[in-house]
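Under the numbering used here, think of the first position of the sequence shown as 157, with each following residue one higher.
These aren't lab readings, by the way, just hints derived from the structure by calculation.
In this text, all values refer to a predicted model and were calculated from it rather than measured experimentally.
Please note that a few of the clues may not be correct.
[To be verified] Distance windows between CB atoms, simulated:
| id | residue 1 | residue 2 | range |
| --- | --- | --- | --- |
| 1 | Thr183 | Ser236 | 22 to 32 Å |
| 2 | Lys167 | Lys284 | 44 to 54 Å |
| 3 | Arg287 | Lys184 | 39 to 49 Å |
| 4 | Lys174 | Gly227 | 13 to 23 Å |
| 5 | Gly231 | Tyr290 | 13 to 23 Å |
| 6 | Ala163 | Gly286 | 45 to 55 Å |
| 7 | Lys284 | Val177 | 41 to 51 Å |
| 8 | Tyr215 | Gly176 | 34 to 44 Å |
The beta carbon of each residue, even a glycine, is placed where N, CA and C say it ideally should be.
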Amino acid sequence: PCEEVIAPLVKEGKLGQKTGVGFYDWTKGRPRIPFNLLEEYDVERSWAVAVNEAAWLIYEDAASPKDIDTGMKLGTYWPSGPCEYADRAGLDGILERLKKLYAEYGMELYKPCPVLEEYVSKGWTGKKAGRGFYG
157 PCEEVIAPLV
167 KEGKLGQKTG
177 VGFYDWTKGR
187 PRIPFNLLEE
197 YDVERSWAVA
207 VNEAAWLIYE
217 DAASPKDIDT
227 GMKLGTYWPS
237 GPCEYADRAG
247 LDGILERLKK
257 LYAEYGMELY
267 KPCPVLEEYV
277 SKGWTGKKAG
287 RGFYG
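Based on the sequences and whatever the hints tell you, model everything.
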């Protein structure tokens with residue numbers, strides 16, 4: 157399905173910010189999500205997946221929390237990285253959300269990383285506990 161959507165855009169030279177058009181129209185600056193879509197969009201679900209992917213990178217010793225956060229902020233213009241977000245939001249809540257999503261959909265995307273399980277079991281739930289990905 158993704159190829160069916162992306163291939164025609166690439167063929168037409170619609171490469172996103174680089175060309176000014178793609179999924180969004182960048183000709184007037186950074187696009188904003190229309191308010192009517194914000195009501196339907198589950199931001200927390202997206203953050204949970206991003207945090208889980210970051211945790212897998214840490215688990216595989218591929219990157220540090222700081223490197224992941226820096227890369228995401230510079231590469232995607234996110235206001236904070238997934239590890240910073242997780243420490244603020246609480247790793248325990250994110251882990252619970254992932255468990256529910258994995259139980260409901262059975263997709264590997266939602267399978268909680270052992271790092272999250274370990275941190276939460278040790279009480280490292282983020283800023284509220286004084287320790288998480290940072291600290």
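Now the hints, each set against the structure:
Between threonine 183 and serine 236 the CB atoms are about 28 Å apart, so this pair conforms to the stated range of 22 to 32 Å. Checked against the given bound of 44 to 54 Å, the beta carbons of lysine 167 and lysine 284, roughly 49 Å apart, stay inside it. Distance hint for arginine 287 and lysine 184: a CB-CB separation of about 43 Å, consistent with the stated range 39 to 49 Å. Range check, lysine 174 to glycine 227: Cβ separation about 19 Å, and the 13 to 23 Å hint holds.
The supplied range of 13 to 23 Å is met by glycine 231 and tyrosine 290, whose beta-carbon atoms lie about 20 Å from each other. Checking the proposed 45 to 55 Å range against alanine 163 and glycine 286 shows it holds: the Cβ atoms sit about 48 Å from each other. Taken as a hint, the range 41 to 51 Å holds for the pair lysine 284 and valine 177, whose Cβ atoms sit roughly 43 Å apart. Under the hint 34 to 44 Å, the C-beta atoms of tyrosine 215 and glycine 176, about 39 Å apart, fit the expected range.
The structure meets every hint from the earlier list without exception.
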